[in-house]
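Residues per chain, in single letters:
2 protein chains.
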Amino acid sequence: MSVFSANQLQGFAISVFESIGCSSKDAATAAAVLVSADLRGIDSHGVSRLKGYVGLYDAGRINTKAMPKIVRENKSTFNVDGDGGLGLVVAPFAMQETLKRAETYGSGWCAIQNSNHFGIAGEHAMQASKRKMIGIAMTNATPFVPPTFSKQAMLGTNPMAWAFPSGKKFDLVIDLATAAVARGKLEIAKREGKDIPKGWVVDKDGLPSTDIDVLEKGGLLSPLGSLEELGSHKGYVLAGLVDILTAVLSGANYGPWVPPFVPYLPLLPNLPGSGLGHFLGAMEIDGFRPKEEFIAHIDNWIDAFKSAERINADQEIFVPGEIEYNMEEERKVNGIPVNNKVVQDLEALGKRFGISM
Amino acid sequence: MSVFSANQLQGFAISVFESIGCSSKDAATAAAVLVSADLRGIDSHGVSRLKGYVGLYDAGRINTKAMPKIVRENKSTFNVDGDGGLGLVVAPFAMQETLKRAETYGSGWCAIQNSNHFGIAGEHAMQASKRKMIGIAMTNATPFVPPTFSKQAMLGTNPMAWAFPSGKKFDLVIDLATAAVARGKLEIAKREGKDIPKGWVVDKDGLPSTDIDVLEKGGLLSPLGSLEELGSHKGYVLAGLVDILTAVLSGANYGPWVPPFVPYLPLLPNLPGSGLGHFLGAMEIDGFRPKEEFIAHIDNWIDAFKSAERINADQEIFVPGEIEYNMEEERKVNGIPVNNKVVQDLEALGKRFGISM
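Heads up: the protein sequence lines correspond to chains A and B, in order. Following the working numbering, the numbering of the first sequence begins with 1 at its first residue and continues without gaps. Following the working numbering, the numbering of the second sequence begins with 1 at its first residue and continues without gaps.
Keep in mind the hints are simulated off the structure, nothing from the lab. Treat the hints with caution; some may be incorrect.
Chain copies aren't distinguished; within one or between two, either way the pair holds.
What the hints assert, rightly or not - As a list, the in silico DSS-like pairs of lysine-lysine whose alpha-carbon atoms are at most 30 Å apart: (1) 204 x 306; (2) 194 x 351; (3) 291 x 185; (4) 217 x 306; (5) 291 x 204; (6) 130 x 306.
Please take these sequences and the hints and turn them into a complete structure.
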């Protein structure tokens with residue numbers, strides 16, 4: 001484990017993105033989104049992914065000179081073709097336009113095709129809440145989750161994020177993958193030698209498993225809800241919702257055809273769309289109720305939930321976005337711990353491109 | 001168990017709503033929404049609720065002469081004051097305006113305050129998919145779910161529905177409560193003498209319970225995800241999302257202050273808003289991609305999921321809205337079974353108002 005400042009990681013990431021052909025502007029945009037994940041404690045979506053992005057570039061599956069553009073529109077709604085670029089660049093471009101449409105029409109909604117992995121969904125949604133609007137961001141992702149009653153990888157961990165401005169130190173950010181757990185949680189359990197509960201994963205026959213190595217044996221992640229009797233169909237349809245909004249609506253690939261993040265997995269034949277898909281939204285608050293009134297009630301909502309009766313007096317109740325905000329404040333001061341495996345990956349990239357940390 | 005035709009139930013419901021003061025038009029609207037639940041197999045939200053609506057009327061908590069109106073707007077976004085009316089009437093009024101805004105601005109979004117229970121969310125969302133738009137409907141509801149780490153009822157089963165037009169016999173309708181299970185499932189398990197799995201409910205101390213009578217002993221429903229280790233915080237924040245969009249955004253009551261559906265439970269003091277809240281949306285598809293192309297890909301998505309590899313060859317995989325459609329087709333032909341307890345309730349209402357089935 002080594003500790004780096006956000007600036008160090010961001011500078012390094014900028015150099016890596018420039019080395020694979022991004023403009024300085026695009027490299028800075030991409031690095032900022034990436035390191036926001038490390039700051040917020042979502043280490044699986046930060047600089048640990050740099051190696052993967054470079055791998056996709058090497059495989060000819062990312063266009064680092066991409067010029068995303070609006071290809072279709074109807075007032076508050078529009079479609080962006082990401083030109084095969086980094087989602088880390090395409091999504092910020094599309095979100096800027098989404099915010100403009102919200103200023104003009106009260107709300108703005110963008111479906112994005114022909115893109116790639118866009119980092120953490122929350123970061124894009126928060127571009128709206130920073131401007132005192134409501135923000136929405138979703139993406140589809142590498143198929144790793146079966147629908148209820150199936151053993152086939154048909155859906156990704158397909159996250160959705162909704163960000164609401166508050167008068168507190170942090171915005172209220174609801175950001176969740178629609179699988180029961182992230183892969184990262186499995187990796188942590190493995191490192192720490194812990195057992196995993198029934199409901200996180202299924203084996204290659206689609207049956208619930210507690211084998212921590214099951215993903216290497218053809219197993220898959222369970223949808224949110226975990227087990228049929230606990231409502232796994234609800235996680236399945238939420239992942240499906242994200243798949244439809246991000247890809248069926250945009251013209252991207254959906255279901256089993258979503259291009260995998262890892263470059264060594266081949267694309268399926270007969271792709272129904274282009275790249276992977278995102279869906280972004282922004283709503284001005286004033287059309288619903290006065291903005292300051294809304295924010296005062298968001299604060300009241302937060303206070304009510306923070307002071308709800310606890311199960312254990314010592315275990316605080318958290319509101320959405322609070323844990324990530326606390327982590328960010330802590331890591332801004334004390335730096336970002338990066339595990340040895342990721343440090344090695346970064347060193348290898350540094351060596352290849354002649355960059356030092 | 002008795003069996004009635006949809007027309008019988010609808011005619012009876014119309015007479016009941018007229019008896020408590022609704023206009024013929026409002027009574028017909030309310031009855032149609034109610035019976036759509038019975039037809040789709042969501043018996044807990046159909047005529048079994050008539051007694052409850054009448055109870056709320058008796059308690060002075062429903063205004064059957066309500067005139068819902070738009071009280072604030074900004075192009076694609078607006079706020080409706082439900083005037084304390086039946087959600088079954090207020091939501092259809094608001095959805096009509098939402099669809100008009102979508103026609104004008106590409107999308108329409110409505111937050112509704114000062115309303116009451118609106119039936120099944122899917123029925124409102126489907127008003128958009130019937131017109132080849134995307135429809136969204138959410139509502140908050142009687143507090144019955146604690147946030148993770150809390151033992152207090154802070155959230156309802158807060159459902160969300162998203163409806164997408166298809167070229168198949170049925171639209172793709174994602175309609176889920178954000179609790180692990182509906183109360184109705186507990187009642188069915190009890191009637192059938194079945195055990196319930198750990199994860200459906202918690203006891204009065206907030207701990208997972210398998211006691212089928214736990215709700216009568218101060219227990220609560222678990223959020224989707226069921227247990228802390230299986231991601232109950234995701235169900236909590238999804239229920240929170242619905243609470244914020246439907247109530248914090250509209251000016252309705254939220255969190256523990258949501259007015260309970262049962263008339264014998266009192267309202268909390270210091271209400272932060274009016275009535276309960278809904279959130280509705282509609283999006284035209286053409287701004288994203290040509291409508292016919294979208295529908296062709298929705299059909300392809302459905303075909304892909306229906307033919308995904310099965311765990312058991314005999315267990316079909318369902319897509320969202322399919323089971324409810326199949327039920328509706330079956331019940332249109334064979335009638336709607338109504339259990340004896342509900343029949344007694346309907347008979348009592350019939351006696352009181354001089355209506356025969």
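Okay, the hints, checked on the actual structure:
Taking the shortest alpha-carbon separations for residue 204 and residue 306, only the inter-copy value of 19 Å comes in at or below 30 Å, while the best intra-copy value is 41 Å. For the identical chains of this complex, residue 194 and residue 351 are neighbours neither inside a copy (35 Å) nor across copies (63 Å), given an alpha-carbon limit of 30 Å. Taking CA atoms no more than 30 Å apart as the test, residue 291 paired with residue 185 passes in neither setting, with 38 Å inside one copy and 40 Å between copies. Proximity of residue 217 to residue 306 under the C-alpha cut-off of 30 Å is restricted to the inter-copy arrangement: shortest distance 25 Å between copies versus 42 Å within a copy.
In this homomeric assembly, residue 291 and residue 204 never come within 30 Å of each other (Cα to Cα): the closest approach is 50 Å inside a single copy and 38 Å across copies. In this assembly of identical chains, the alpha carbons of residue 130 and residue 306 lie at most 30 Å apart only when taken from the same copy (22 Å versus 42 Å across copies).
The earlier numbered hints that this structure contradicts are 2, 3 and 5.
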